[in-house]
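Q: Got chain X; can you put chain A on it based on the hints?
There are 2 protein chains.
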Amino acid sequence: MLKNEVTELLNIEHPIIQAPMAGGITTSQLISAVSNSGGLGMVGAGYMAPEALQEQIREIKQLTTKNFGINLFVPNEFHVTQDEIESAEKDLKPIRQALNLHEEHQVKIPEYSHHAETFNDLIKIVIEEKVKVCSFTFGLPSKKVIGELKAHNIMLLGTVTTVREAIEAEKSGMDAVVVQGSEAGGHRGNFISDDKESLIGLMSLIPQVADHVRIPVIAAGGIMDGRGLMASICLGAKAVQMGTAFLTCTESGAHHLYKEAIMNAGEEEMVLTNAFSGKWARGIKNRFIEEMQGKGEAFPQFPVQNALTQPIRKAAASQKNRDFMSLWSGQSPRLAKKQTVEELMKCIISEANKISGNM
Amino acid sequence: MLKNEVTELLNIEHPIIQAPMAGGITTSQLISAVSNSGGLGMVGAGYMAPEALQEQIREIKQLTTKNFGINLFVPNEFHVTQDEIESAEKDLKPIRQALNLHEEHQVKIPEYSHHAETFNDLIKIVIEEKVKVCSFTFGLPSKKVIGELKAHNIMLLGTVTTVREAIEAEKSGMDAVVVQGSEAGGHRGNFISDDKESLIGLMSLIPQVADHVRIPVIAAGGIMDGRGLMASICLGAKAVQMGTAFLTCTESGAHHLYKEAIMNAGEEEMVLTNAFSGKWARGIKNRFIEEMQGKGEAFPQFPVQNALTQPIRKAAASQKNRDFMSLWSGQSPRLAKKQTVEELMKCIISEANKISGNM
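Chains as they are written, first to last, in our numbering: chain X, 1 to 359; chain A, 1 to 359.
Just chain X, same shape as in the assembly (with noise of 0.2 angstroms):
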């Protein structure tokens, strides 16, 4: 039952997805431990500049021979006026003080047609490098894009949040869907589909896609454990991408007091904000959030939130205060434990063998 299209596509023992977590929580350790382990590790290489990916690609290659992933973010265009900009640093000013952050951090206002030239260069890489496997998220690339990979034999996964989505995915040539429930943690993959409509529990979302599309249904959302694991495939997906439960491993970047912070939240913690980057995304409730939710919704759009934010989460992760960092969290901080991706993998799979011998 855990051996099938998915696992064959990919070739992998077991069908478990790292979650590619953006922002230096996928170390190499963590990747290669992953796919060493029978899953399969993924770069989040979605703010990487290409010489970082390639030299990451390299180093994972001398730690593991077995498949493993990349992410990308899909450029999407954005608009954003001088006024918007100024307003949103001076919502950010009293944060920035609170950190002894001045003005020689002052932020690059991120543009288009460079993320879309670093995209293109992000994909050369892939090729080069022969990736086996790579993902999108926010949006599906051109069909040009997507005919070059094909064309080296790479196996491409399509991030989705909706039925209608999920669609769109398979008619574009994705291989496999990766369906984000609301429950996961991190940014939101809905690219058509408006904020509140892509919210759509696993429980519905799962069989809802999979009678909908032909190519296999990866869930991802919420799922820490043997008991998601089944339930997923008992929902109808091939196989289940995890990201919360490989953030807290020892392997992961993740800074501690982050760690700590998941391990001890409760599922009510979790919030949705755009106060971060201008882009929804799930994670635990702290002082940032409380102050920039007074200020409405309306930031920069994604990603120049994103970059005017950035110095914040750095200062505060160096100054080890999580009341400023960004705590992306799926709604299942409970079941998280600190313990290596060997351990992790192999709970899950001794779990999901005891439920399936129980039926």
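Treat the hints as calculated values from the structure; they're not laboratory data. Take these hints with a grain of salt, some might be off.
Result set (DSS-like, lysine-lysine): computed pairs, CA atoms no more than 27 angstroms apart in a straight line [stated by the list, open to error]:
#1 A:132 <-> A:171
#2 X:354 <-> A:171
#3 X:354 <-> A:3
#4 X:130 <-> X:143
#5 X:337 <-> A:130
#6 A:346 <-> X:196
#7 X:285 <-> X:3
#8 A:66 <-> A:90
#9 A:196 <-> X:196
#10 A:130 <-> X:3
#11 X:295 <-> A:196
#12 X:196 <-> A:285
#13 A:259 <-> X:196
#14 X:295 <-> A:295
#15 A:108 <-> X:196
#16 X:337 <-> X:314
#17 A:338 <-> X:285
#18 A:108 <-> A:132
#19 X:337 <-> X:108
#20 A:314 <-> A:93
#21 A:320 <-> A:337
#22 A:314 <-> A:108
#23 A:130 <-> A:108
#24 X:61 <-> X:130
#25 A:90 <-> A:108
#26 A:196 <-> X:259
#27 X:124 <-> X:61
Since the structure is predicted, the reported quantities are computational estimates derived from the model, not experimental observations.
A: Just chain A, lined up with the frame of chain X:
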């Protein structure tokens, strides 16, 4: 695997409970068909007068010798000012006009003391009529009420939306806990946790609750078929409670336009609104919701707004106008079918057996 402490506790063949939907949906035909098919039929008695409940219980007893249950709304104190009522009436005026509803439909503003009295009368009827199962929504009854019901060997189910609420339900003496995920249609059952905190998907909610209470967990929200039943069991639930799946059955009392609206909806059309009742609930977006959304979220508290919109919903139903009906539904409308209860139950069980056979 489908026989367990819940089927034993409730004396039913299959671990499937028909959700107690209020407002005329749970006809005696629906309830008795569920119980006769091996599940547990439930009367949605939330808004019922004691005499009407007594009459329906006697009618159901003519139709089945099997167990069935009653759901009651635990009355909560509410505060509403004359200004709030006038402002709400003003907001509703254009909708009244669109439906040709005139002043003679002026509504009686509910009083807490009256609700509390009715609740006690409903409890008396449950005891007198020797109903075997009683469930509660919007809170937990007093120690005294719980003691009386237990003295008569009535099985008690509490409805919760978070781990914190589940722990309270167990402490209060509930025999099992209905865990309502964010996928659920109709009113949110949160009573300690706030409205936003309590929107947790079942993939996250079931295992976290199962780890924190000893009483059995019954999963509710978006479950429509054997896939949802088996997934819930993998996650740690012992039974499921299904609303929307029974609502579109031929035996349900829902308006035919309401049934059709669900069967033609996508999972994205479901929205949360507090415009119908003052309490958040999930249903299909229509003109009423869209027009009222513009007014903000500051409606009079439940059940006052519910009383104010009642003539509108009634007129919309009799005029066959779905624009102004409350079209509650969970997040899985694509899985809804027009069929008899017997067909639905057989389908669920045969699909569940097939899944467990494949494991």
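Q: Mind listing which of the numbered hints don't hold for this structure, in increasing order?
A: 2, 5, 6, 7, 8, 10, 15, 17, 18, 19 and 23
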